[in-house]
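Peer 1: Quick note, the sequences are listed as chains A and B, same order.
Numbering of the first sequence is given in our numbering, commencing with residue 783 and proceeding in unit increments.
Numbering of the second sequence is given in our numbering, commencing with residue 783 and proceeding in unit increments.
A portion of the hints provided could be inaccurate.
Stated by the list, open to error - Calculated lysine to aspartate or glutamate pairs in the EDC-like style (CA-CA distance at most 20 angstroms, straight line):
#1 Lys823(A) to Asp950(B)
#2 Lys1386(A) to Glu1198(A)
#3 Lys1290(B) to Glu1464(B)
#4 Lys1255(A) to Glu1428(A)
#5 Lys823(B) to Asp950(B)
#6 Lys823(B) to Glu1428(A)
Worth flagging that the hints you see were computed from the coordinates, not collected in a lab.
Number of protein chains: 2
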Amino acid sequence: MKSATMTMNTPDLPPSRQEILARMIRPRSVAVIGASAQFSKVNGRPLKHLLEKGYQGKIYPINPKYQEIGGCRCYPDMASLPEAPDLTIIAVPAKDVAASLRAVGEAGGRAAVVFSSGFGEMGELGLAQEHRLRDIACEYGMVLCGPNCLGFINAYEHVYATFSQYADGPTNSGPIGFVTQSGAFGTAIAALVRDRGLGLGYFINTGNEADATFSELMGVVIEDPRVRVAAGYLEGIRDGQALIDLARRCHELGKPLVLTKVGRTVSGARAAASHTGSLAVEDALFDAVARQYGVLRARNEEQMLDMLQALSGCALPLGNGLGIVTQSGGAGVMMTDRAEEVGLAVPVLEPETSRALAETMPTFGASGNPVDITGQFVAEPALLRESVLILLRDPQVHIGIVWLQLMNAHVDMLIEIFTQIRARASKPFIVCWVAAPDGVAQRLRNEGIVMFGAGERAVEAAACLARYAAMQKGYRADAIQDEPAHRIDLPFGDGAVPTVQAVALLEKAGVPMAPVTLAATADEAVQAWRRFGCAVALKIESPDILHKTDVGGVVLNLDDEPSVRAEFLSLMERCSSSRPQARLSGVIVQPMSSGHIELVVGVKRDAVFGTMVMVGYGGILLEVLRDVSFRQAPFSEREARAMLDELRMRPVFDGVRGRPAVDMFRLSALLASLSRWAAAAEQLSELDLNPLLIGSDGPVGVDSVVILRTRS
Amino acid sequence: MKSATMTMNTPDLPPSRQEILARMIRPRSVAVIGASAQFSKVNGRPLKHLLEKGYQGKIYPINPKYQEIGGCRCYPDMASLPEAPDLTIIAVPAKDVAASLRAVGEAGGRAAVVFSSGFGEMGELGLAQEHRLRDIACEYGMVLCGPNCLGFINAYEHVYATFSQYADGPTNSGPIGFVTQSGAFGTAIAALVRDRGLGLGYFINTGNEADATFSELMGVVIEDPRVRVAAGYLEGIRDGQALIDLARRCHELGKPLVLTKVGRTVSGARAAASHTGSLAVEDALFDAVARQYGVLRARNEEQMLDMLQALSGCALPLGNGLGIVTQSGGAGVMMTDRAEEVGLAVPVLEPETSRALAETMPTFGASGNPVDITGQFVAEPALLRESVLILLRDPQVHIGIVWLQLMNAHVDMLIEIFTQIRARASKPFIVCWVAAPDGVAQRLRNEGIVMFGAGERAVEAAACLARYAAMQKGYRADAIQDEPAHRIDLPFGDGAVPTVQAVALLEKAGVPMAPVTLAATADEAVQAWRRFGCAVALKIESPDILHKTDVGGVVLNLDDEPSVRAEFLSLMERCSSSRPQARLSGVIVQPMSSGHIELVVGVKRDAVFGTMVMVGYGGILLEVLRDVSFRQAPFSEREARAMLDELRMRPVFDGVRGRPAVDMFRLSALLASLSRWAAAAEQLSELDLNPLLIGSDGPVGVDSVVILRTRS
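Assemble the whole structure, with the sequences as input and the hints as a guide.
Peer 2: Following this line, the structure appears as C-alpha cells:
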C-alpha cells in the first residue's frame, strides 16, 4: 500500500517530518489508546469504522480492560505492541493525554492524533497543558495532530482515525483533499460534499494545532497524486509564510487551492477572537495574500462546494469569454448580469458563428449571445446540440453554459445530447438545469459533465475556472522573477527617521520625493526658500511629533521672505508651547507640489504575513471608502499593476475630466521597487507616504513617515 | 364559489376592469377555443388539468372537430355556448387569434388568455397584430392576458388555464401569489417553490402584456385574502406608476412584495433589450423606486425563494438584533460576518442574559453572542432549548438563528426541542440545519418553523424579515405626509433657462444658490465684482452653450479691476471665435464659493418612473464611483435622509479629518423641497446642480442647468 509519491528513508536516518506526516495519513498500522468496545462512543468509533469500512493495515486497540475488541487483540499498553504503529490515536481524558503521548514516543511511534479536548480552548491553564504536549512531541521527534480535533479520514486507504459524524455515512473517495480547522463546520462541509456526489480523498480536522498546522497537513495531502483539488476551512493562521509556500506548491502541482476563511468583518473578527481564543488574522491582508499567490477564496461553504464541483469536474477555459445557450431569455439576461459582475465577458459572436446559429435556430429564437433556443429543442433535439457546438467554436467563447429547466419527460434525450456535446466539443461547458428531475446530476456526473441548479451559480463556477486558469498563467510568469533579496542595513537607530534622511532613503527605494531642507533658524528657512525658487511649505521637525498637523505644525504655500520668516518663528513658538517636552530640530522647508491624484502608500510588518505594502486612494475619502489594496513584499511590476487594478478608483488613472492618464508602468515600477526595498530593509517597521501626488510630471511623495525597529 | 373579497356589480352596469380581472382568476366557467383531445398538446393540457385536478366550475371546450372531449360537451364555436364564460382560453394559430378574440367579445365574454405566440416577440409585423388584439379587447371592454404566455393557475380553486410544465406535477396551494413576465424562468421558479414545500396560490405568466400588465395582474392577486406574500419576476416595465401603486397597496394590506428584475448590468440590459424587444428600464431607477416604496428586491431566484420561505413562514422581528446559537464556533463567525454585511446587529448581550446562559452552558461552550453550545446538546437536550429561550429573551435580540448539522440519530429529539421553543418564545427564530437528514425541513415546516440549509442564507432571510418590518413602519410614517402637489407654471419657453432666472427658480425651489449677475459689458462686470466685494468667477452666458468649460467659457478667482476687465473681454472673444454661431448674452459674474464637500444634484424625467431626483458625490470621482442615489419626486424629508444615508460617502457627512459635520436636516429639507418643486413644475425636463458645495455656512449651489420642455 506504499504510495508512489512517498519514499521512506533508510532505517539509519530518522524520518523527516514530511515523511512522518505522509506515513501518518497513509499508515500501515493504527493503534488506539483508550479504545472502547462501545462503538458509538468517541473512543469506539475509529475502531468501528476501521473494521467495518475495510482498512487493510494492522489495528491495535489499547486498553487494559479488554482482551479483544471487534476481533482484534487488545493490548494493555503501548509498550506491549509488537511494533511501533505508524499512527496512534489518543482518546483518553485530557489529564492522561501527556502520559499517553510519552508512551507513544517511548514505543517508537512517530505520529499521534489527539481527540481529547480540555486544552487551549479552555484558557490559560489548558494552553499550558497543550504546550506540554507539543514539547513531548518535539522531544520524541513525533508529529501531533490536535488536540481537541475530530481526527482524520483517508478514504483511499480506508483509514478512519476520526469520531466525526461524517464517517457514519458513506465516505466514497474522490479527488478532493479537505483540511478544516473547525470540527463541526468541517463535518457539515464534508457531508455536503457527499450530498453532491463529490468525493473526499482526505478529511482532516486540525483542532488546536499544538504541533501540526493547517498548512503542514494540507501540504502533505496535496502531494498525493490522487488529490486534484485542495479545499480548506480556516479560522485563523499563525504562520503566513507556510500558507504562502503551500499556495506556491499547489500551483507547481497544478492543483487549485480553495479556502474559506471566516472573520471577514469587524463583528465576525470579534466573534472569531472569542471562539478561537487567538487574534484573528487581518482579513484584508489574508485576502491580498490569497490574490497574490493564486488562492481561490470561497466566501462560504456553498460557494466552496460550487467551486470544488467545477474544479474537480471541468477542464479549464483558455480565457474569460462565456457563451450562453438558454431555454429562457430571462435566465440568459440574469446570467449575463452575473457574468459582468464576476469578470466574465459575454462576447458578441463572430459573424460566422451568428450565421451558423441563424441557420439552425427557429425563427422566434435569438441567435445572439445569449442564444435563446426557447423550448423548441424538445421537438428538435439537434437544435440544442448544434447550437451549443456552434457557440463553443466561436473564438471569443472559452466556456459555455447551457440553461434549461424541468423537462421531466425528456431526461434520456437530454443526457444523450449533453454526452454528444461533451464528446465533440473541445472547450469546457457547464449545464445549468433548474428544478431538474431526480438523479439527473448524478447521471451527468457519470458522463463527466458538471451540472448546477441555478444560473448564477453556474456563472460563478465558470468565473472560478477562468480565474484559476489566469492565476496558473500568472504564477508561471512570476515564478521566473523570484530572486533572493539582499539584506539592506539602515544606518539609523530605532524610532522615526529624520525627514531629510527618510526622504533620501525613499529616493533610494525608488520613490521620487519632493526635496526637503532642514532649517534650524529663520535665516536658513529663507535661504532654503530662495534656493527652491518657488512657493514652499514649512513643517515642524521633531522626533517626538509624528502627527504634525495636530499641533499646528504645518504651514503651506509661502512665497515671500517676510512670510517665511514670520511663519518659521510662529511655527516653532506654537509647537514648543503645545508640546513643551518635544525636542524640536527645526523646520522642514519643502517646495509645494501639485498633482491631480492623491494616493497613499504604506508599508507595515504583519505578525502573520511579514512585510505588507499598501496603496490606496488618499484624501478626504481615504477613511470612508477604504479603497486600498495590499500585497506581500517583495512583488513584481506585474503584481503591482494587479494591485492598482483592484482599486475602485482605478478608472481615474485613465484620466477623467480631461486630466492626463497616469503612467501605469511608472507607478507599478515605483511600487515594486519600494516593495523590494521594504522587504530587504529588515529594520523597517512602518512606512507612510501620504500623499503620493500624481501630476503631469509623474508621482512625487510629499509627506513621509519612516519608523525603524531592530528586530530581536 | 364566490369569493368573499369580490363584489360583482349589478347586472345593469358593465363590470369594472378590476372586477373582470378578479372574476378571470376565479372563474365560474372556462371556455377553451381550439381545445384538443390530445392532452399532451398545448391546446389539450388546460382541459386535462381542469378535469384531473378538480376544477368545480363549468368547462366548455370549443372545436368544431369534436362532439365531446374528456366527458365535456364540445361546442363548435363561441356563439353556441349556453352562457358567456368568465374566462376563455385562446389556443389557436396566431393568424386566427384576432377572430377568436372578437368571437369571445361577441359572445359576451369579458376575459381571455391568449397562449398563441407569433406577435410582438417576432418584430414589427407581429407587434402590429398584437396592437390589433389590444384594440379588439378594448372595443368589447374585455381583459386580455398575453399573447405569447403560458396562462395562469389558481391553485385554490383548481383553475388550470395554462400549458406550463409546472402543472404536470403537484400544484398544492399556499400563501404565495406569483406573477412572472417570463414563461420558462417563471415555470422554473414555480417548480423550485414546490420543491421547497412552499405553495403557490396563483401562478400567472403575463407574456407580451398586450393588455393586462404585470402590475395589474399582481394587483388583483394580492386582494385575495389567502395570498399573504406577493412574488414577481420582471424583465421590464412600461408603467412605473402602476408598479408604485401596487407596492403601496401591498403595504396597506401588510403583504410583502418580493421582486426579481433581471438586467442589472450594462451587459445584462443589452441582453434584456434583445430578448424583450423593448428598452429595459434603467436599473438604478428601478432599484431606487423599490427602496422608496418598500419593495423587497431579490437578486436571483434562489434569494427570492429564501425570502418567500422566511416571509411566508416566520413572524416579523421588531428590530434588527440577531441572536445566534450554534453548534460550531466557525459557523457562528461566518453568520456574524454576514449579519454585519446585510445590516443586522449581533448585539452584545445584557449581563442578565449572559449570566443565565453561563449557568446553562457547559464549561467549554461560549455564552457570548454567538452562543456556542458545541455538540454537548446531544447529551443534554435542555441545553439547546434553554439557551435559545434565554437568548431570545434578551431585549437587544429580535430574531434568533439556531445552527446545527447532520444529527441523523437525534432528529426526533431536535424537532421536539424546536417545537417547544416555538411554543414558548415570543420572538421569531430560524433553524439552520446543514446537511440535514431527509424530511427534516418538511417536519419543521409542519410545526411552523422555517429552516434553511446554509448559515448565510438563514442570516439573509432574517435580514429580509427585519428590512420588511422596517419598511412597513416607514410606509406608515410616510403615508400621512402624502399631499397633492399644486402644479407650478414656469414663465419660460422650451430650452435652457437663462442663468439669472434659473438661479431665481432654484432659490424658490428651496436651494440656496450663489448669487449671479449678468454683465453685458466689461464695465458691468467690474461693477458686479465691486458690488460682491470679493473674488468672482466669470462664466460665459449663451442659450447655445451648455458646457461652458468645453469652450474655455469659465474663469475663476478674479479679484481686481484690470483682471475682471481683461478676462471679460478675452472670454467673449474666445467664445465667439470658437462658437461663431452662438448667441452670447454676456458673462455671468458670481462670487467664488467654497465648501469641503462637493455634491451633485439632478432631476430628470424618466419615461417609466416620471420625475426622478438624484444626489451623489461630485468632483473627480463622480463618474468613477457612481456614488449616487435616486428617488421618485416628490418625497419627504425622511426619504431624502434615507437617500443620503445610502451613499457610500455617507461617513464624510459626519465630518472627517476635523471638518465640521453636515447639517443633515437642512440637506434633507433641501432635497425634499426640490423634489416637491420638480414634481409640480411639469415643464421641467432636466436639472443639474453641479456642484452643490457644502461649507461651514451650509449648502450652496454653484453651477446649474435648467432645461424646460412643454409636454404634449
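Peer 1: Are the hints correct? Go through all of them and say.
Peer 2: Structure-based check of each hint:
Taking the CA atoms of lysine 823(A) and aspartate 950(B), the gap is near 48 angstroms; set against the 20 angstroms cutoff, the hint is violated. Pair hint lysine 1386(A) plus glutamate 1198(A) does not hold up; C-alpha atoms about 57 angstroms apart against a cutoff of 20 angstroms. At most 20 angstroms may separate the alpha-carbon atoms for a hinted pair to count; lysine 1290(B) and glutamate 1464(B) meet this at roughly 16 angstroms. Between lysine 1255(A) and glutamate 1428(A), the direct Cα distance comes to roughly 18 angstroms. Compliance with the 20 angstroms bound is thereby established for this hinted pair.
In summary, the hint linking lysine 823(B) to aspartate 950(B) is supported, as the alpha carbons are separated by about 12 angstroms, within the 20 angstroms threshold. Straight-line distance between C-alpha atoms of lysine 823(B) and glutamate 1428(A) comes to about 54 angstroms, which puts the hinted pair past the 20 angstroms bound.
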